[in-house]
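Novice: One-letter residues, chain by chain:
4 protein chains.
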Amino acid sequence: MNSTLNIGIVGGRGYIAIELLRLLNQHPHITVRTVISRQTGTVGDLHDSLRHCVPIASLPLSQDYAQLIDCQIVFFATPSSIAMQHAPALLEAGIKVIDLSADFRLADPAEWERWYGKAHTAPQWQRAAVYGLPEINRGAIKDAQLIACPGCYPTAIIIGSAPLLQHTTQSRASLMVNAVSGISGAGRSGDPVHSFVECAESFRAYAPTGHRHHAEIIQTMRQFTSSEVQLTFVPYLAPMRRGIHATITTALPHIHQDDIRQWYLDAYHHEPFITTTDHCPSVAEVVGSNRCHLSIYRSNDNIIIFSVLDNLIKGAAGQALQNMNIMYGWPETLSISQ
Amino acid sequence: MNSTLNIGIVGGRGYIAIELLRLLNQHPHITVRTVISRQTGTVGDLHDSLRHCVPIASLPLSQDYAQLIDCQIVFFATPSSIAMQHAPALLEAGIKVIDLSADFRLADPAEWERWYGKAHTAPQWQRAAVYGLPEINRGAIKDAQLIACPGCYPTAIIIGSAPLLQHTTQSRASLMVNAVSGISGAGRSGDPVHSFVECAESFRAYAPTGHRHHAEIIQTMRQFTSSEVQLTFVPYLAPMRRGIHATITTALPHIHQDDIRQWYLDAYHHEPFITTTDHCPSVAEVVGSNRCHLSIYRSNDNIIIFSVLDNLIKGAAGQALQNMNIMYGWPETLSISQ
Amino acid sequence: MNSTLNIGIVGGRGYIAIELLRLLNQHPHITVRTVISRQTGTVGDLHDSLRHCVPIASLPLSQDYAQLIDCQIVFFATPSSIAMQHAPALLEAGIKVIDLSADFRLADPAEWERWYGKAHTAPQWQRAAVYGLPEINRGAIKDAQLIACPGCYPTAIIIGSAPLLQHTTQSRASLMVNAVSGISGAGRSGDPVHSFVECAESFRAYAPTGHRHHAEIIQTMRQFTSSEVQLTFVPYLAPMRRGIHATITTALPHIHQDDIRQWYLDAYHHEPFITTTDHCPSVAEVVGSNRCHLSIYRSNDNIIIFSVLDNLIKGAAGQALQNMNIMYGWPETLSISQ
Amino acid sequence: MNSTLNIGIVGGRGYIAIELLRLLNQHPHITVRTVISRQTGTVGDLHDSLRHCVPIASLPLSQDYAQLIDCQIVFFATPSSIAMQHAPALLEAGIKVIDLSADFRLADPAEWERWYGKAHTAPQWQRAAVYGLPEINRGAIKDAQLIACPGCYPTAIIIGSAPLLQHTTQSRASLMVNAVSGISGAGRSGDPVHSFVECAESFRAYAPTGHRHHAEIIQTMRQFTSSEVQLTFVPYLAPMRRGIHATITTALPHIHQDDIRQWYLDAYHHEPFITTTDHCPSVAEVVGSNRCHLSIYRSNDNIIIFSVLDNLIKGAAGQALQNMNIMYGWPETLSISQ
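Chains as they are written, first to last, in this note's numbering: chain A, 1 to 338; chain B, 1001 to 1338; chain C, 2001 to 2338; chain D, 3001 to 3338.
These aren't lab readings, by the way, just hints derived from the structure by calculation.
Derived, one-sided and incomplete: chain D residues facing chain C with beta-carbon distance under 10 Å:
id, residue
1, Ala3200
2, Glu3201
3, Cys3280
4, Ala3284
Away from chain A, derived, C-beta distances all over 12 Å, residues of chain C:
id, residue
5, Pro2028
6, Ser2080
7, Ile2082
8, Gly2094
9, Asp2108
10, Ala2119
11, Ser2171
12, Thr2209
13, Ala2215
14, His2256
15, Arg2261
16, Asp2278
17, Ser2289
A virtual CB, placed ideally from N, CA and C, is assigned to each residue, including glycine.
Just need the whole structure built from these sequences, with the hints factored in.
Specialist: Now the structure itself:
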C-alpha cells in the first residue's frame, strides 16, 4: 500500500463530502490522509454510516497547510469562496486540486463576481482551471492541475444537449430546459424551506429568471457550438433526496427523431457512464451510480431530451473521482463502476 | 332538512370519490342518499376517515336504477366507460349528471374512440354535455343537465393559458407544457409502478408523445382562440400524493411581462378560486383547497407560466361541487371555500 | 358580526399557528383581531395558503399589550418561556388565555425548572392553569381563565390509557409506550436533522431515557388513578409531516380483551372526537381532523392499545379550539368537526 | 475467470432479487449463469438500473432443471411454496441451495403448515436445512448444503436479543418487540395499500396478534436459551422504502445497563457487520449496507434495545451472500463490505 497516493479533503460535513469519502474508501490506489472540517473528531463522528471506514482526524484548517502538504491531491467539498482562497498555495506547492465548489467553473472574473457577489481572489487560476466534464473535456483533464468540477444541473444539461448542439447548423439555437432537483441539491441546509415538513408532498420552481448555473452552462456550450445559444432554464425542487431530471426541448422540425437519436448513440457509444435508453428514464434507476441516462422523443416540431443522473455522484463526487482516474491514467470507472 | 337535494354517487372506492364524499358531507343543501359501489357495506367500511360522516349503504348497481331514481343529481366517480353506459337512463329521467370520468369530455365520437379504444355508446349525450370548467364556461354550466368535469391536467393547463391565448394575434401559437402530477393522478392503482417503493425518491416522465388529455385540452382551447395551437405536453410523476404543477412556456418576445400579467389579473380578478401570485407557487400551498395559483415570468423570449392546483379537488371533486353550486344558483364557494 | 369575540394570537410562524389560523378562520363566533409575530406584514405574507383568509397585520409584541387589550381570548402558539412572561398581564386584565406551549402544563415550579432549565416566572399561574384535555377535564375547562393545552404525545397517551388506569386495582401499573411522531412535532426547525434529506427514508428513536412530556403525562395520570404509574416512554421520528401513533402496552393477564375494550367504549361513547375502532388505526385516517382513533388487542399477557391523532390538530390547534368551545358553551365540535 | 462458481437464481422480479443481482455482480469468485423468472428477456429488461450489469437470459422454469444443472449454487428469491417444490431435485444433484423464502425456516412441518396454510412438500429437507444467521449459526453454515435465510424481522430481533437471552437466568423471559418495517418488506406488491398514495404520510401497525415470523423467532431463540420466551411482537409499516427498526424491551431491574452493554460488546466484538453504538441508530445509517446497528438503554426497570438493519440486505440478499462466503471459506465480507 506504500504506492497509494495521499488524498486530502477540505470540507467534511456536506452531503457531497459524505459521498466522496464513501467512494474514495473503495478506491485501491489512494489513501485518505486528512479530512479538514470545522468540527474536530473522526469521520465516524461526522457520519454514522462511515463509522468504520475512514478513521481519520478532522482538524481546523491551518495557515501553513501542514496537514495537506504531503498530499498529492486535495479535493474541496466546500461552499463557494473557500477554494479560491486556499487552493492557490496548494497548487503552487505542486498539489493537484479537484474543486467541487463553483470557485473555478467560470473563466471570466467579471462573470464570477456578477453571480457570486464578490471579487474573485484567484483570477489567474480561474483561467488555468479545466472544466471537469470528461465526456466533453477528457483530453484537457488528463493534463490538468486544477479541475473545476461541474455543477449537477450543468452536467445533466450539457451531456443532454451536446450532440444536438454539435449538429446544429442554425446560427441561433433556442433551448428550453426544465430541470428538477432532489433536495440535497440545496446542500446541508438549515433553512426550514428545506425541512421535511415543507418539502414533502410539495413541488415548486425557483429562480425561474436566473440561476447561477446558467452562466456555467452557456460558457461550456460555447466550446462545442458556434451557434448563439438562447437558454431558458427553470429549476425545480421535488420531494426526493437526490437526483436531477432535466428535460431539454428545442424546435427541430426537419430532422427525423431517429437521426437525432443516432447523434447521441454515436457521441456516447464509448462512454462508460452514459446510456441512451429507449424509455423515459427515472431518477431511481440512476441514483447511487455515476451514470447519466438519456432518451430522445419528438412531439410536433419539438425534440424532447430527458437527461437524468444522481446529483451527488455524476453531478459531484463520482464525477470528481472520474476526473482523478483520468488524471492518473487509471481505469476511468475505478471505484465508481457500481 | 326536507328541502335538501338528494345526491347519488356511482363509484365509491377511488380517491376522487373519497374527496367528493368529504366535501359533500359539509354542504348544507344536499343529502348523500346513495353510494353505489362494487363493495357492499357502509361508506365507513370503505373509508376509515369517513367512518362517522356518511353512514350510507353501498350497493351493487341495478338495472332499473331504483337506488338513484329519487336523486336530483348523480355524480359518476368511475373509470371510463361506466358513465356513458348508465348516465343516459338517468338523464332521460330528468336527473342531472355530473361526470368526473372522461366519458363526456370529448364532443367528437371518433376522437373519443381514438383515445379510449372503443366506440362511444352515447354519442348524442357527448354533444349535449357541457365542459365543466367554470372559469371558461360558467354560462353554459348554469343551464346544463350533463356536466363533463375536466381532467386535472386540462384544468391546470387551460386556466394557465387561457388569458394568453385570448390575447394572441398570431395565427399559430406554440405551447410547451411540462406538467407534474402527484401519484393519485393514476387512480387507486394496483400497479407496482405506483407502489411506495417504486415511486418514492424517484421522478420520471411518461407518455411524452401523446396523453389522452391532449385532445381535451385542444378541443377546449378552440373555444377561446382562433389561432391554431401547437401543444407539446409532457406529463411527469413526482413522489407526492396529490397536486398538479404545470409549467406553460411560449415564445412571446414583444410584449412586456407586466402586460401579460395584467391579462391574467383582468381575466381572473373576480374568480373566487384563481390567484395570480408574485412568487413561484408550490403544490403544498394549494393542496386541500379548490384553488389554482398562477404566476408569470419571462426568460429571454419566453413567457413562463406556472399553474398549480390539487388534482383531486380543483382537478376533480371540488370542481364538481363548484359546477353543482353554479347549476343551482348557490354561492359558488359553498362547502369548498376552505 | 358585532357579536363575535376578538381573538389575539401570539406567535404566527409555527406550524401550530398556521393550523390555528386555518381553523379559527372557519369559526362563526370569533374574529381574529391581531396576530403578533416577529415578522411584520400580513398573515398572507407568512403563509401562502392563507393569503386570502386572514388579512391581519402582524406586529412586534409591545410592552403595554395595546394590540391585545381589546381581545377576549389570546392564544399563545410560541416556543416555551414566552407565555409565562406575557400571559400574566393579560390574565390580570381579564382576558382568557389558551397557551399551546408548555409553560403552564406542569403545576410544580420545581418540576418545570427541572425539564425546561430555568425558573418559572409565573408560578402562581402554573397552579391556576387548567390542563386542557377535555376528555379528562371538561368540567374544569368550562370555568377556566387559563388553559394549558396538552402536548401531542400526552394527548395520545393519556386518552389511550385513561380507561385502563381507571380500572386498575393494582397498586403499581407499568406502562410501556412507544410513540411515533411526524417531523412537525419538532416545530419549524432549522436543524438539518429535520431536513428532508436527513428525515426521508429513515426512522429513529430519540430521548429514550427522558422526554419533557414524561412529567406532564405522569402528573395528569395522577388525576384518575391512585396507582403508582411506572411509565417507560420511547419517542420516535418517522418520515411523515404530521401525526402521532402511540402504542401502549401493559401486562394484564387476567382480564378478557373484550372487557377491556368495553371500558373504552363506555369511557368514550359520548366523546365526539374519540373512536374505538376494530382495526389497527393508521395515521392517515386521522390527519387533518381533531379525532383520536383507538384500538385494543391482546398478545400473551399483554394488552396493546393503539392511539393515533394529528399532532397539530387534536395534539395542538384543534384541541385549543375544543377548549375554547367548551369555555364559551358553544357546540364542542364547532369549526373542528371536519 | 474459469475458476468462478456458476450461480443460478430463481425469481428475478422481486426487490430481493434486484439486490441479490446487484451484490453478486460485484463478487469476484462467482458468475451469474442463469436467472429464472416468469418473464423472458434479459435482466436489463427487468431492472433498468442493472441494464449493463447482468446480461443474462431469463427463462421459464423447466421440469428437468436443465438451466440450473451446471450451477454450483442456486438462490431462491421467490414467494413461499416455490423453493420447497424445486429445491429437492437440485439438492439431490449436489447443488447447494440458499433459499431466501420462508420454505425451510421452520423445522417442524406442522408448524409450517399452521402459518403457511398448506402441507410442506419437502419435510425431510426442512429438518436438514441450516438457519442462515451467521452471528448465531456460523459453524453449521460452513458445512450446510441447504441454507434457510432468515426473514428481516427475525434477523433484527434475534441479533438484538441473543446476548440478553444468553445471560438470562430466569426460567421465563418476557420480550416486548415493536418492529417497524419499510414498505419493501411487503414485497413487490400490487395491493393499493402499498401504493405511494396510501403509504406516504401514514404509519400503522398490522398483525398485532400473530405474524408468521413469530414462530421462526421463537424456534431460533430456543437454540441459545433454555428459558421459556414469551414474545409479544407488533410489526408496523413506516413510509420508507427499506429498513427494519426493532425496539426490544424487557424488564431487567437488577442488572446495570453498562453490564448489559458489555454482554453485547463481548458477543459482537468480532462480528464484521454488527456494531453496538452509543446513540439511537437510524435506519438511514444502515440502509445500503449489510450492517446491523444496536444500542442499549435503561428506563425504569426496563432495558430497551434498538436493532436496525436494511431489510433487503442484512435482512435478505446481503445475508445470503454472507452465508455463501462462509460456505466457501471466502472472506465473510466479500462484495458486501461497502
